[in-house]
Amino acid sequence: MRNEWLYIGVFLIVAIIVPLVPLGFAALVAPRKPNPTKRLTYECGVETVGDAWVQFKAQYYIFALVFLIFDVETVFLFPWALALNRLPMFAVTEGAVFLGILVAGLVYLWRKGLLEWQ
Amino acid sequence: MNFWNDPLHFLAEQLTAMLSRWGLPTAWITFIEFFLGAMALIVFAMVLDIGLVWVERKVVARFQDRLGPNRLGPFGLFQPVADIIKMVIKEDITPATADKFLYNLAPVLAAVAVIALWAILPLASTIYGADLNVGLLYVIAAGALGTLAVLIAGWASRNKFALLGAFRMVASLISYEIPMVIVLLVPTLLAGTMSLRGIAEAQRSIWFALLSPLACLIFLISAIAELGRAPFDLHEAESEIVAGYHIEYSGMKFGWFYAAELLHAFTFGGLLAILFFGGYTGFFGLEKLPAFIWLDNPFVQAAVFLAKAMVGYWVIMWVKYSLPRVRIDHLLAFNWKFLTPLALVVLVSTAILHRALMEAPRWQYGMALWLANLVIAWITIEILRAQARRQRRHQRAASQRQQTAQEQTV
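Chains A and B, in that order, are what the protein sequence lines are. Mapping of the first sequence onto my numbering: position 75 corresponds to residue 75, and the numbering continues sequentially without gaps. Mapping of the second sequence onto my numbering: position 140 corresponds to residue 140, and the numbering continues sequentially without gaps.
Take these hints with a grain of salt, some might be off.
Pair by pair, the computed Cβ-Cβ distance ranges are [said to hold, decoys possible]:
id : chain 1 : residue 1 : chain 2 : residue 2 : range
1  : B       : Met18     : A       : Val97     : 57 to 63 Å
2  : B       : Leu289    : A       : Met89     : 33 to 39 Å
3  : B       : Leu371    : A       : Phe76     : 41 to 47 Å
4  : B       : Val60     : A       : Arg111    : 39 to 45 Å
Just so you know, these hints were derived from the structure itself, not from any lab. Glycine included, C-beta positions come from ideal geometry on N, C-alpha and C.
Pulled out of the complex, with its shape left as it was, chain A reads as follows (with noise of 0.2 Å):
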């Protein structure tokens, strides 16, 4: 029985290599004539304003944390959802708690107004 993680170590530095290839090939064959104006930024064709690293709007942070909640979550499901067949039906009355408890959160979520873009 072959280690299937030793194939995934191996693909995946091949497949690391090959993105490359094509990209050394290219910085041999293509031209290379870097001239200022042409280095700069773009910003629809005008003056750059101020630094081009700006301020990080606050509410991606609010997406990035519900994200978080619910990925943590799934990933507590995964096991569940494997185990099903072997378990009582306890089991998935439990699982559904679980996921109520969190769609709870996610309702709480709404009504604050914490998933609005704006």
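Given the coordinates of chain A, work out where chain B should sit on it, guided by the hints.
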């Protein structure tokens, strides 16, 4: 075991025998085997990617009532070759203030994220890279790599618009990952395994799309959003105004973003086929009849899988070229206020019914699951209609109030 029954294992055995006769240690032989297997799969995926460029351009042309590339080669089949040559020989303009290492890393990471998915995609019951027993988790992890690539590209370009485009894109990607992961639990619990090959094998008698059409639909929608394709293509929407996270990329680096997107779309078509439409099998028991025993041949299975993946890809393209773009706030509201609760309801109902009817006769099981989906869909539509009615009533009341106010002033 001969070549026609079990091609990869047969070739692997021949190679092992040959190499051990030459006296190579076992570890080296295993490594060479794995390396050649990985190369074969990746080269196949890359050739497929090149073909997909042609398919995409022809299909989008037909949707838009024009012909598409038809000058280079018969039916324009050599168009992708010209595209690749063009992208390789174009000048690679790197912005002067970009973060060099990250800027170069992003397209490679985007490509790796998609190619990594091909390691576990079963083309046939005996043609696959690896049969991980946590296959679905691996799929989600590889998708997360793609999200990371978007953020790295946006950040490293040192460009306001690239960064903003990357933020929006990542917000959309992580939001739609939740219903996707929840709905991925449905084939997991129906099949009892996370391995993709196991899920495909479990569909020999019935497709999961028939047992759980809502789950299939939610997966399709979330997959289209995960791909960053229309109607959820924020980063391309910016290109009507400015451009998205790959605004500062040119030449082959942009080529990798583009190729990765196409291959990602096809791979998700393949995943849709495996998870819900039987993958390389799923003939409703037909292959047990002696006349149809050839349906179990790995090459036939691989052809069946690729055909189903192509159909899935065609549906994804159909959606892209028919629907207008969705605004970011509508997109996120649609996800958190509609898709996620719906996905959770589908999951709980499928889990309860599956567990309760596990010992029941198969037709009862199938009918119950399908009817449950129908009931959930009907209730959802009723809720939406009630909301729409309420909104219309409010609008009518507001406009009436406006009218009476105007009449009074007059």
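Comparing the hints with the structure gives:
1. Checked against the hint of 57 to 63 Å, the C-beta distance between Met18 of chain B and Val97 of chain A comes to roughly 59 Å, which is consistent with it.
2. Hint check: Leu289 of chain B to Met89 of chain A, Cβ distance near 37 Å, so the stated range 33 to 39 Å holds.
3. Hint check: Leu371 of chain B to Phe76 of chain A, Cβ distance near 29 Å, so the stated range 41 to 47 Å is violated.
4. For the pair Val60 of chain B and Arg111 of chain A, the beta carbons lie near 42 Å from each other, so the given range of 39 to 45 Å is met.
In summary, the structure is inconsistent with hint 3 from the numbered list given earlier, while agreeing with all the others.
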